[in-house]
Every structure is written in structure tokens, then in C-alpha cells.
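Asker: Based on these hints, arrange chain B on the given structure of chain A.
One-letter residues, chain by chain:
Number of protein chains: 2
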Amino acid sequence: MKQIGVGVIGFGTIGAGVVDILNKNGSEITRRLGGKLKLVKVADLDIETDRGVEIDKGLLSTNVNDVLENPEIDLVVELVGGYEPAKTFVVKALENGKSIVTANKALMAVHGDEILAVAKANGQDVAFEAAVGGGIPILRAVREGMAANKVHTIYGILNGTTNYILTEMKDKGEDFGKVLKDAQELGYAETDPTFDVEGIDAAHKITLLASMAFGKKVKFDTVYTEGISGITPEDIDYATEFGFEVKLLGIAKFDGELVEVRVHPTMIPSAHLLSSVKGVYNAVYADADYLGPTMYYGQGAGRNATASAVVGDLIELARDKMNGVSGRVPPLAFNAESMDDAVIKPMGRVKCRYYVRLMAKDEPGVLSRISGAFGDHDISIESVVQKGRDTGQAVPLILMTHEAVEENIMDALEKIASLGVIDADPVLIRVEG
Amino acid sequence: MKQIGVGVIGFGTIGAGVVDILNKNGSEITRRLGGKLKLVKVADLDIETDRGVEIDKGLLSTNVNDVLENPEIDLVVELVGGYEPAKTFVVKALENGKSIVTANKALMAVHGDEILAVAKANGQDVAFEAAVGGGIPILRAVREGMAANKVHTIYGILNGTTNYILTEMKDKGEDFGKVLKDAQELGYAETDPTFDVEGIDAAHKITLLASMAFGKKVKFDTVYTEGISGITPEDIDYATEFGFEVKLLGIAKFDGELVEVRVHPTMIPSAHLLSSVKGVYNAVYADADYLGPTMYYGQGAGRNATASAVVGDLIELARDKMNGVSGRVPPLAFNAESMDDAVIKPMGRVKCRYYVRLMAKDEPGVLSRISGAFGDHDISIESVVQKGRDTGQAVPLILMTHEAVEENIMDALEKIASLGVIDADPVLIRVEG
Chain A
5 MKQIGVGVIG FGTIGAGVVD ILNKNGSEIT RRLGGKLKLV KVADLDIETD
55 RGVEIDKGLL STNVNDVLEN PEIDLVVELV GGYEPAKTFV VKALENGKSI
105 VTANKALMAV HGDEILAVAK ANGQDVAFEA AVGGGIPILR AVREGMAANK
155 VHTIYGILNG TTNYILTEMK DKGEDFGKVL KDAQELGYAE TDPTFDVEGI
205 DAAHKITLLA SMAFGKKVKF DTVYTEGISG ITPEDIDYAT EFGFEVKLLG
255 IAKFDGELVE VRVHPTMIPS AHLLSSVKGV YNAVYADADY LGPTMYYGQG
305 AGRNATASAV VGDLIELARD KMNGVSGRVP PLAFNAESMD DAVIKPMGRV
355 KCRYYVRLMA KDEPGVLSRI SGAFGDHDIS IESVVQKGRD TGQAVPLILM
405 THEAVEENIM DALEKIASLG VIDADPVLIR VEG
Chain B
5 MKQIGVGVIG FGTIGAGVVD ILNKNGSEIT RRLGGKLKLV KVADLDIETD
55 RGVEIDKGLL STNVNDVLEN PEIDLVVELV GGYEPAKTFV VKALENGKSI
105 VTANKALMAV HGDEILAVAK ANGQDVAFEA AVGGGIPILR AVREGMAANK
155 VHTIYGILNG TTNYILTEMK DKGEDFGKVL KDAQELGYAE TDPTFDVEGI
205 DAAHKITLLA SMAFGKKVKF DTVYTEGISG ITPEDIDYAT EFGFEVKLLG
255 IAKFDGELVE VRVHPTMIPS AHLLSSVKGV YNAVYADADY LGPTMYYGQG
305 AGRNATASAV VGDLIELARD KMNGVSGRVP PLAFNAESMD DAVIKPMGRV
355 KCRYYVRLMA KDEPGVLSRI SGAFGDHDIS IESVVQKGRD TGQAVPLILM
405 THEAVEENIM DALEKIASLG VIDADPVLIR VEG
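Protein chains in written order, with the working numbering: chain A, 5 to 437; chain B, 5 to 437.
If we strip away everything but chain A, and leave its shape as in the complex, we get (with noise of 0.2 Å):
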């Protein structure tokens, strides 16, 4: 029987599942590979701390060089995350005629128009279904599922952080810093929350899934991100009595022309399917011309789900390493070669619905000039309520628009604040859906 060598670099907690999933489907995967995947070589600086996973002592080694240069090994999985080490790491195994797996969002998203450039020299491939939406194929489903369509828009929820952050929010009522500290507590939230909470990882996600659905070079800076934490527990009170609820999104639309990419807290309406999706879980939505909308759900993160995310790419790998093919499917769906530079939508010229929350004074005549304001920039008020009653002082106003147009949004938003009728600084939430 055919054998492929697997050597990882990186013996972490997706490491550790891997190793383990290795260790207890093996035989079932050859059931499905004709063929076996052979742990060569693990790669970690640390070799002594047990990972709670059977492993054979000989197959751990300090030196990241037993795996990049082992040529026993077909296939290197890389698990370090960030830009470096890991981007030498596997440019070196790719010159060295190792195909590769790996979960790295932000090496892929930054970093990926090199590495493929690379693989593509020396034949070989990378897969990184790991990378977005964890353990549900999602890549493969905007690969290879959606080929025979254009994709019009793909949006969303890929930080199970976050929305374990606003699931508890809401289901709590507690604010942002209260449960931010609770999920750091039980290591849902990292010790540095910043790339979860401000969207960056959902950034580098939304890159990778732009990119893939429309054929276009979509770069990581160029897409708009702002994150969770200035949402507060009132505003997920007022979008549930509006029927909404306050996820972090991040959503690319591709109108043939421009591309729009954008990750912030969005208000879908109760009965999207994506509002289902609570906790640390990921879901998926995509439209299509021919396949129409689709959606994938699954967990987002975890060691078990990403593991298994990286196994099936390893298998997948090894199935193209058998039959001596390379380059069979483009990791970004489409020929590299064919693949321009995406023009981004500028944000002042998204369009869609939004959530306005002002504090106004609650004073005769208050209502008509901010509505006022709306409506000179051509900005069409769908519902407006205040909550509460206290004469004189400032009170919640909430509004919701039409479709109006992002800089028009701002321009009224700041005739507002020149008018001396609201304290504070506005909230806006963008609605989908």
C-alpha cells in the first residue's frame, strides 16, 4: 500500500488533534484513500509538555528542519500561525518539494499571492480549508460547489469569539468588558483579545472567501473593519424589538465591477437563517447566479473541528500525491494568471439599511430637524422611536433607514451633530439581509 509522509510543524492544540486524528481514523482514512498517511516527523520547540495525545517519542524533534527536509515527507503541515516563522517555513518545504497544508487565515490572507507563486514553481500545492470557518468545508463548497456560477455576494459570521461575545450579551444583558473577561476566563477569548474583537481575524477570513468567490485579488487592507466592542447591551435590546439580531459579519458583494468587502457589527433580521447561529459556531451564506443561496454551519474554531479540517486537506493532498498531479484545482478557485487586482468599493458608497441610535434631546421640534437632516441628504426613514420620556434631557432615539448610501449616512450624521440637539456620539449599525 501506497504511503504518503506527513511531517508537522507546530505541536500545539491543533497539532495535538491532528496527531490524534491520525492515530484514531487512520484506518478508516485508508478506507478512503487507498492509501496511508504516515506521521513522519513533528516539529515543536517545546517536545516535553504532554499534549494528551499518543504519540512515539522518535517522531518529535526540536529542529524544524527534521520535517522541511525529510524526505520521507510529502506533506507538511503548517501550524505555527502568523506571518513568520511560518511563511520561511513553508516556502522552504514548497522548494523542497512538500506540498502544503495549513490553518494560517492571516499568512494566507497577507501572504497568499506569494506562497502560491511559489507552490505553483515547484509543482505543489496548499490547502487551507482550516483557515476559514474551521472544520466546515467551506472552501471547498466556494471552489468547487459554486464553479459553475458567478458568486454575487458571501457573507458571514467566521469569528466564533465574537459571537460568543454577542450570544452572551444578549442572553445576559451584560455588557462587553463583563463578558469579554468571563470568555477570557474559560478560553473562549484570547489573553489579547484585539484580533478577534476588532474584526481582524473576520478580516483575513472575508479576504480569503472574497478572493475565492469572485476571481479577484481582493487585498487584506483593503477591506473596511471595525469591531465589536462598542456595542453595548441596549443596542441588542433595541435590535430584538426591531426583529434583529447583532452579529459580526464579514460580507464581500461583487456587482461584476466593484468589489465591496467589510467587516462590522451588522443586524440581520431574526429570521435569517444566521441568526440561528449562536455561540462559538460559524455560518456561511452565499449567492449565486445559477446555484442561488446556500448556507454552512459548523464549529468555527476548536481543536477537533480544525483538525478535521486539516486531515481532509491532508488527504486531499495525498490523493493528487498518488496520482502524481499537482496544481489539479487553483487554491483561490480561479487561475492565478487570470486574476486581477479587485477595485474596491469605497465605503461611502456601499448602500444599505441602517440602525441609528442618537441621544437626543427630548424637546419639541428635536424629531423634525434630525429627521430633517436625514432627509436632505436623501436619506428615507423606514421606523423612528424614542425611548423613554425626560424632558429636556437626552433620550434614546432610534432609527431605522431604508437602502441609503454610506456617505450620505455620514454627511447627515454630522449636520446632526452640529445642530446642538444630541449628546454623545452616534451608534450606527449597517443592516444585511
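Everything labelled a hint here was simulated from the structure, so no lab data went into it. Don't take each hint at face value.
Same chains, same names: a pair is fine if it fits in one copy or spans any two.
Lysine to aspartate or glutamate pairs mimicking DMTMM-like chemistry, simulated, CA-CA at most 20 Å apart [what the hints assert, rightly or not]:
#: 1; residue 1: K6; residue 2: E341
#: 2; residue 1: K154; residue 2: D24
#: 3; residue 1: K182; residue 2: E194
#: 4; residue 1: K221; residue 2: E32
Answerer: What follows is chain B alone, placed relative to chain A:
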């Protein structure tokens, strides 16, 4: 540029959709494939009727051999449906060195083994993504996305017609016969609706899903099948009251030894993701040892969604033709020689919760005798509600059981029938999720 020749047998709705996609998205497909899918010939007995898509008349033929024996054709799309002559065409095409794409669930569920053996012997492939879940790339997800896993549960809404009927019955409170008639007029149900409403179509699909998920040969005629014609608006209302939706599910489970596979009306909790699946949409839920629960949602039928799956498969097989490989991924997810026959769990041994509606005499002591019969058969009652009062007459008595063994339920109902305290046959709906 490499060209891959495509022949289509059956120029009905889906066939026209396939031609439409090749016309409209051809250049995008080339960007993905690095080659061109070239439509060489379309065979149908009727080549006169306008299908509403652009096609060179010279490509049409009434002679199927113009496809089957055409040396320019690499891939044959079978859209004839049913067992024969579809099977003869498929076998002949495979023997002539052409790979097959089909949407034919009946053919694959009943004659899949034989067809796949012919394919293998001839170094060809068979792809049938369109056979299950319409456009949803669910077979790809099970075959490749879950490849690292042991899958233990897979179930879903696999038939759009019945889901449309159940959705309408709930929304309008109308009975099955009325809604079916409307659905037929709208084209959502066939003139002879048996295949859909009696669960046969869903049984074909769960046969394929179970085989692929568990790596066991599941025979179509071992699937327990029960349709929705016995469902009443009253039961749908009672389900809502108890916090459930009634859906026709195809359900398959594997405990490592026995496979259970069944199609029947099922009550699922209103909060379950599948409960939000309305109208003609389909969705599949799976649970696997590492990946955990995932869900896949989209249009389960219709020209465009089905054609999207067919053309997706054409692209997949064209990649293999261009690389000169075949059998890269086993069509049923596991290598044929490693798949033994599923040992089917008899329905009597299936365990689940049950909804039971009895028309019970409104008399003192009746509830005690009925609940006694359940207790004597080791069935514990979670809740019981009597609907209305009509002393001495029969009124609905609704019971929800805790998890119980099906043969115990059947024995208890037989015992209850012999007590002389109920009118009419009991209504039994299994509960899942």
C-alpha cells in the same frame, strides 16, 4: 487551450439549464478550469420544442448514439431519469471511455454499485452531486469535507415538494389534499406525486448519503419509508404548541455496528436549524466525531440549482480528464472493495421520542389505563395534554414520550387499541434532534 467535449442526453428542464450555464458562464468556467467545456451534442427524442436557451441546431440529435459513440465527447451528462434506458446509456458511455455526470438519484441508489463497477473497469468516473440536495454541494462535503471523520449521524430535508406542502399546511392551516392540489397547479408537485409525497425520492437520497457517510453499502429496499399523506393540520398545530416543527426527514445513523436508515414525518425542535428551512429548500445536518455538527442549506431542486451541481461535476471530471487521472476520489467516499453490506437495525429496535395522538374517550379512568399501557411497555411519558372536553365522546389526547424503543411503542398502541377507549387509529410521529 485544452477542450473537454460534453454530451448531454435529455434536453428537458435541467438539460436546458446546463446548456444555459455553459453559454452564460463559459468564460468564467474556463478561468477556473484552465480549459474549455465544449458542448458537442445534445440528444433528445424531441429536438423541436424551444427550451428557451440558445443552442446551435446542429448540436441537437434524436439519436442517442450521437452522444454515446461520439469520439469528441469526454463527459456525458445523463438527464433521462429513471432506471431504463438511463442505465443502458450510462453503461454504454462508460464502456466507450466517457465519464458520467448524472442527477439520477433513483438510478444511483438502486444500481449505483453496478454502474460504479463498470466505471472503474473502464477507468472512468461517475459524479452525481445533483442527485442529492439539488444544488447544495452536500456530496462533496460528505465525501471530502468529512474525510477525516467517522460520521455517526446524517439527516435532512431531502425533498422540496414535501417540504413545500408541509410549510403551506402550517402557514395556511389547510389539509394535505388541498395543498397538494395547489402545489400541482404551481408545478411544485408532479401529476403523480407518489415518489415525492410517499418519501421514495427522499429514500433514494438517504440511501446515497448513508452509504457515503458510513462507508457501508446501504440497499434502497432496506430503507423504512413513510410519507406525509397522513399528516393533518391539527398535528402540525399541536407540534407548534409543543415547540416542534413537522418535517419529512431522511435519517441515517451508524453506531459502528448497525445502520439505521429511515424516511418519515419527524418532529424537530423549533430552535433546530432545520426548522427554519421553508418551502422548496433542502438542508442536511450531519454529526461526525471530530468535525462535530455541520449543516448545509440551499435549493433542493429547480432548473438552475440542479444545473449548477451538474456543471460543477462536469468541471470536476474535466480536471481529471485534463490530468489523465481517474478514480481519484471514490464516488461513494470509500474504496468499493472496503465497503461491506450495511447491517440494518430493524425499525422495532430504533429508539427515539414519540408524539402520539389518540382519539380517547373523555371518561374518568381512561388516561390512567392508557398511561398504564405505556408504563407496562417501559415507555415513560414526558407530557400529556387532553384537547377539549366532551364527556363520553372521543377527544384528542396528545402524548410526548421520553426516548423509547419502537417495538415497545407499537406493542403499547396495540394494547391500547384493545382497551376499547379510543376511536380511530393512533397518529404516531417520531421526534428527532
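Asker: Each hint should be assessed against the structure and marked as holding or not.
Answerer: Consistency of the hints with the structure:
| no. | hint | verdict |
| --- | --- | --- |
| 1 | K6 - E341 | between (34 Å within a copy, 16 Å between copies) |
| 2 | K154 - D24 | between (39 Å within a copy, 13 Å between copies) |
| 3 | K182 - E194 | within (14 Å within a copy, 56 Å between copies) |
| 4 | K221 - E32 | between (38 Å within a copy, 15 Å between copies) |
When the structure is compared with the earlier hints, no violation turns up for any of them.
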